[in-house]
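2 protein chains.
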Amino acid sequence: MNLHDLDTPSLVVDLDRLERNVKAMSDLVRPYGVRLRPHVKTHKTVEIARLQMKYGAAGLTVAKIGEAEVMAEAGFDDLLIANIVIGKAKLERLARLVRTVRIKSCVDSLEGAAMMSEMAVRYGVVFDVMLDVNSGLNRTGILPEQAILLGKEVAKLPGLRLCGVFTYGGYGPPVKDDGLRNQWARREAETAVFVARELENAGIAAAEVSVAGTPTSRFGAAVAGVTEVRPGTYVFNDANYVRLGFGTFDDCALRIRARVISRPAADRAVIDAGSKVLTSEKPVRDGQDVGYGHIVGLPDSKIAALWEEHGVVHLCDEGRQLKIGDVIEIIPNHVCPAVNLADCLYGVRGDKVEGIFAVAARGKVQ
Amino acid sequence: MNLHDLDTPSLVVDLDRLERNVKAMSDLVRPYGVRLRPHVKTHKTVEIARLQMKYGAAGLTVAKIGEAEVMAEAGFDDLLIANIVIGKAKLERLARLVRTVRIKSCVDSLEGAAMMSEMAVRYGVVFDVMLDVNSGLNRTGILPEQAILLGKEVAKLPGLRLCGVFTYGGYGPPVKDDGLRNQWARREAETAVFVARELENAGIAAAEVSVAGTPTSRFGAAVAGVTEVRPGTYVFNDANYVRLGFGTFDDCALRIRARVISRPAADRAVIDAGSKVLTSEKPVRDGQDVGYGHIVGLPDSKIAALWEEHGVVHLCDEGRQLKIGDVIEIIPNHVCPAVNLADCLYGVRGDKVEGIFAVAARGKVQ
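Top to bottom, those sequences are chains Y and L. Just so we're aligned, residue 1 is where the first sequence starts under our numbering, counting upward by one. Just so we're aligned, residue 1 is where the second sequence starts under our numbering, counting upward by one.
Everything labelled a hint here was simulated from the structure, so no lab data went into it. Relax, there's no trap hidden among the hints.
For identical chains, the list gives no copy identity; a pair is met inside one copy or between any two copies.
With a cut-off of at most 30 Å between alpha-carbon atoms, the simulated DSSO-like pairs for lysine-lysine come out as follows:
no.	residue 1	residue 2
1	Lys156	Lys323
2	Lys352	Lys54
3	Lys364	Lys282
4	Lys364	Lys323
For clarity, every value in this text was computed on a predicted model and none was experimentally measured.
Assemble the whole structure, with the sequences as input and the hints as a guide.
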């Protein structure tokens, strides 16, 4: 099938760029001897997870039980749920997974750990857990100064095995500055390493130290004591990351092809991709209204408004040549939730569609 | 099954409220003798479409070909695509649909209409079309003063049958003021009626005049010459509409049940619903940061930040009682894209889960 025969909107993955990105992250991380455990929430796709393993990933990170089930079913047997698993139904599912694959999840409270422990004992399994430490993002995670005490308590609970320390520090400073990003990433990683060493000093084995995302992995990997990094978005990259100075638009492997369905004014085009394709995510940098995605080749035209099934594009002078029926390519602001809206991705090389990848872990809200 | 046994996050529909909402809109519109053609993009669910038909809907509105195919397959035989269908692949699908159901779509340009005409002739079908008129929203739609000329040209094209005039004016003024909303809705409806009458005067039959959404339907229905209204969100309502003065939180039939997975600080809870459940849609009223949804019973607690799988809640004093494992109910800002993220809705009456409705037309990005 030819790229130009695809209906619109379509999420198209340039396979050359994808492979380049996957390989580049492996190359960035390898010199430090840390494990690469890429986060599959970005692509939710078995084929791309396989590609990541082929290029040296040691296991996968997933965001929730539903994603873990899909990846376990596809044969991946070393998973980390970068999240806290709470609730009877989910712990039952986790207990089933534990019987077939190596899988860890996070704890950040004694209450949560006690619930896990109770279920582990009831089901006769052992849950591997990572201590989730707040390194500054103020999302989940126990504060470092309280982490040692919690770690000691968790280590005593039956049915739990404390494997290490987990943190996520966010994507870093919202400016293009590698020095600042390095500082940010080091602070995140050093916080986790500190807690792991304190636990060791207290006689509690917590060998693994898992940190970082796409923009921070190469810096976090360099910190002594870190054992793995978890970048996700790097497989595709997106407009947010380019604006943050991580890569260029040419490094963006996923583009959304959308069609002009209306040209109601000289400076306005309406496309068939709205918020149910692009998501409503605003750019990272709030000060500057750059619209709902980057239009390839027309950087000064702006996707100014989204309705559910309409994108309203304010056209720059060059963009005024667009006609009804023309197809444009958009690099989304945030690629991960856009992929989550689609049922499949089209893998292309040049103009040739080489494969259709099911977004196998799409949905799975629970 | 009991409501409290559902895993989280879950989208739960209160069936009593749903039926009340569906009936209320029928009652609002019936006195004016116009047809009710509810927009199914809100629920994408066959069962709820059936309920709308049971309470007097004359047909359904859909947002795109993919939704039309699902509803046609389920037996609904009078559909309006509230959108412009452009591109060979989509027109082929439309040609297949035309053979089995009555289906209309919109045109707002001669170029688009000519493409449709060419495909209709090639496939030996007739496409029913509505003239999409811009009544002030500046999305798609031809300007009223240019519409008569376009209507005359469209009426001449082989393979097309011009059925009437279509417009969408948006949800109305972003303030609680029924007088202003009435003015807004009248201007929208009168624009469409004006164009339809001018076409008639020019000897072109364009009997149908299709207008309005949830907040404007009861006003649009009152305008002489309007033949149908297309409310969508009213089946569930949502926090945006309540803030606009359309109904109360008690009228909101869909709630998202989410669980507290972390209590990392006295004034902070983290829930298992993030942007992949709630969407990133900001409230309609930008001046006031009310967060990413309304928490039932805790109106002063705010869903202050969303990550893909985490919602960070800033707790009011009352909210501080929340414990890990507790479930909260959220009324989303904009219900339509939230439903589009889920695979199913749970229909409940009191605490009893009476049915599971597949979000049958979810996805279908093309």
